[in-house]
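Chemist: First to last, the sequence lines map onto chains A and B.
Numbered by the working numbering, the letters in the first sequence go through residues 1 to 246 in order.
Numbered by the working numbering, the letters in the second sequence go through residues 247 to 563 in order.
No lab work stands behind these hints: they were computed from the structure.
A quick note: this is a predicted structure, and the numbers were derived from the prediction, not measured.
Among the hints, a few may not be true.
Cβ-to-Cβ under 10 Å is the rule here; a few derived chain A residues that face chain B [to be verified]:
(1) Val40
(2) Tyr43
(3) Asn44
(4) Glu78
(5) Thr116
(6) Lys216
(7) Arg222
Derived SDA-like pairs: lysine to any residue, alpha-carbon spacing no greater than 25 Å straight-line [to be verified]:
(8) Lys216(A) - Lys365(B)
(9) Lys262(B) - Ser377(B)
(10) Lys516(B) - Lys238(A)
(11) Lys365(B) - Met193(A)
(12) Lys516(B) - Met193(A)
(13) Lys376(B) - Met193(A)
(14) Lys238(A) - Lys358(B)
(15) Lys191(A) - Leu518(B)
(16) Lys516(B) - Lys220(A)
(17) Lys516(B) - Glu78(A)
(18) Lys479(B) - Gln192(A)
(19) Lys238(A) - Glu96(A)
(20) Lys220(A) - Trp185(A)
Backbone N, C-alpha and C fix where the C-beta goes; we use that ideal spot for every residue, glycine too.
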Amino acid sequence: MAIHEKSLIRPENITTHDNLIIDGIDVSGDWSTFIRTRVVSDYNEDLEEEIAAMPGGEYIHRCWQCGSCTNSCTVNAENPDFNPRYWIYLIRMGMEDELLRDKDIIWQCVSCNKCTSACPRDVEPEGVMKATAHWMELKGHTPPSNSTIFDDIFTEQVIKYGRIEDGEVLKDFMKKSGQPLMQDWIVQMVKQMIKGLPVMSLMKMGWATIFHPKTKNWAKARDAINEHIAEEHAAQKKALGLESVE
Amino acid sequence: MTTLIDKIDRKKKYKKVAYYPGCALEGSAQPYDKSTRAVGKELGLELVEIKDWNCCGAMEVKNIDPEIQTYLSSRVLSDAQHKSKQDVVMAPCNGCYHNLKKAEYDLENKDKSRAVTEKISKKAGHETYKSGDVETIHALDWIKFGYGEEELKAKIKGGLKGLKVASYYGCMYTRPRHIFPEKDQGGDSESTSKPHYMDDLLAIAGAENVEFPLKTACCGGAHTLSDSDMSTKLVLNILEAAEAAGAEVIATECPTCHSGLEMHQIRALKRLSKNTNVKVVYFTQLLGMAMGLSPRKVGLHANISDSVGFMKQKGIT
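Looking at chain A on its own, in the form it has when it is part of the complex (with noise of 0.2 Å):
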């Protein structure tokens, strides 16, 4: 029988003979298009545990696959193969072989939170989206996304002075995600910025670069803090059956 909505079915598990005869009935081509028998035996029992024990996945087991959080999607509009509810699905059904195919975009989330707004369940489905791409990058599966980088050296900046200091943060970024600072673009941006700003200001800009903003006596909360991650990053490690690395 014809498979109507055929593209929502992978290619290479569809089958087509051209050219087919059964019970002297000619079916060949559309008429004998099957959907192949998939048989899935290597799910990872401990997949929802593991996302829900990272920071923001604590809540996936409340989910019940209402779709508002994918119908909300901000990138999900610019890109239909970036689907929340279906990766809510896959961790909880253990199926990471499946998961792990889209395993490039997840990280692309831009935490507009209108999943949040709209989940009658209180998943919190943008935690969940970090949960799973922190758990890609703990496991090998991807390198640091982009994004983890930019997380990264904010708050490393936030650490360890209190404050951050953006064009610091910008100059870093692109320095450690590999792309050059002179884009045309960003060269555009920072004329445009200079033209009609008193000296002061620019006076002003010059020194935040070279005398980090600070906050003072923060040095008893910056060691607390770094106590506070350390603790919990080996918590996650452990709960992902990974060693510690000191």
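Could you slot chain B onto chain A? The hints should help.
Modeler: Okay, now just chain B, sitting in the frame of chain A:
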């Protein structure tokens, strides 16, 4: 519902508040800081900047550790209460505003957030912030209720002369809903699906609000550099929708949105050859100019999106 007594009470409460500018307003969003302070001064609203404030965690720290983000925001609230002796903190940056609200929610509802905040606060040697002690408000609330809309009408000199404005609120001012329990309460409370405080204030200042469907769309700010192609697409949607609605200016209330729109307006032209002419201006800059402050006083020259000549042409400055 807001009663008259609530109104009078809020007016008194917001007259002098703790001010939390945050990292962006000290850096790339200096025009927002400048115009916020200038408008406050003009209206006789007093700002007490929190001493030694720290970053709220922005959109990044939570991805490393959510409880640290809560702690960072709680420290700001603790300082507002114990060092600045204020029970209201005003944050013009949507990110800061959002995170302080989020911390408030988490400290009220999540045991782990409370435990971690208490542990680190003790080690860091300051008072642990307790949820409910300080009220966090946005610059929009501050002007709308601290000065009053009726009173603002009398303050407008020259005004915005029918300037067609699309008010753009972004994500963090309204989402997720549960961290803003005071919104969607009817009366003059803010709506999370159709926010209107900025529209209201700019209408009083003489602007014409255009019908703009992407008020709370996402500009991709969290990935403005790490996934710039996506951000450019999202920003272009916003710019084009505003132009289609007839807007000459997009008014902003968030430094991340504002610089995102400015940056990707340029990037869309360079990379996709998509040209848009709509100007990007902080709502406090528009309010300030409507009250007769000069473009320099509200930092208009320091915006990347150049609107100095345009405002002059419109007779606004």
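Chemist: Now tell me if each hint is right for this structure.
Modeler: Hint-by-hint comparison with the structure:
1. Val40: With a closest approach of 31 Å, the Val40(A) hint is violated.
2. Tyr43: Since chain B brings no Cβ nearer than about 28 Å to Tyr43(A), farther than 10 Å, the hint is violated.
3. Asn44: 24 Å, violated
4. Glu78: 6 Å, holds
5. Thr116: 4 Å, holds
6. Lys216: With a minimum Cβ separation of about 5 Å from chain B (threshold 10 Å), the hint on Lys216(A) holds.
7. Arg222: 8 Å, holds
8. Lys216(A) - Lys365(B): Holds, because 20 Å separates the two Cα atoms, which is no more than 25 Å.
9. Lys262(B) - Ser377(B): With Cα atoms ~21 Å apart, Lys262(B) and Ser377(B) stay inside 25 Å; holds.
10. Lys516(B) - Lys238(A): Violated, because 47 Å separates the two Cα atoms, which is more than 25 Å.
11. Lys365(B) - Met193(A): 43 Å, violated
12. Lys516(B) - Met193(A): 17 Å, holds
13. Lys376(B) - Met193(A): 41 Å, violated
14. Lys238(A) - Lys358(B): Cα-Cα ~19 Å, so holds.
15. Lys191(A) - Leu518(B): This hinted pair holds, its Cα atoms lying about 20 Å apart.
16. Lys516(B) - Lys220(A): Violated - the C-alpha atoms of Lys220(A) and Lys516(B) are around 46 Å apart, more than 25 Å.
17. Lys516(B) - Glu78(A): Between Lys516(B) and Glu78(A) the Cα gap is close to 20 Å, so the pair holds against 25 Å.
18. Lys479(B) - Gln192(A): Roughly 21 Å separates the two Cα atoms, so the pair holds.
19. Lys238(A) - Glu96(A): 19 Å, holds
20. Lys220(A) - Trp185(A): Measuring from Cα to Cα gives roughly 41 Å; hence the hint is violated.
Hints 1, 2, 3, 10, 11, 13, 16, 20, counting from the list given before, are not met by this structure.
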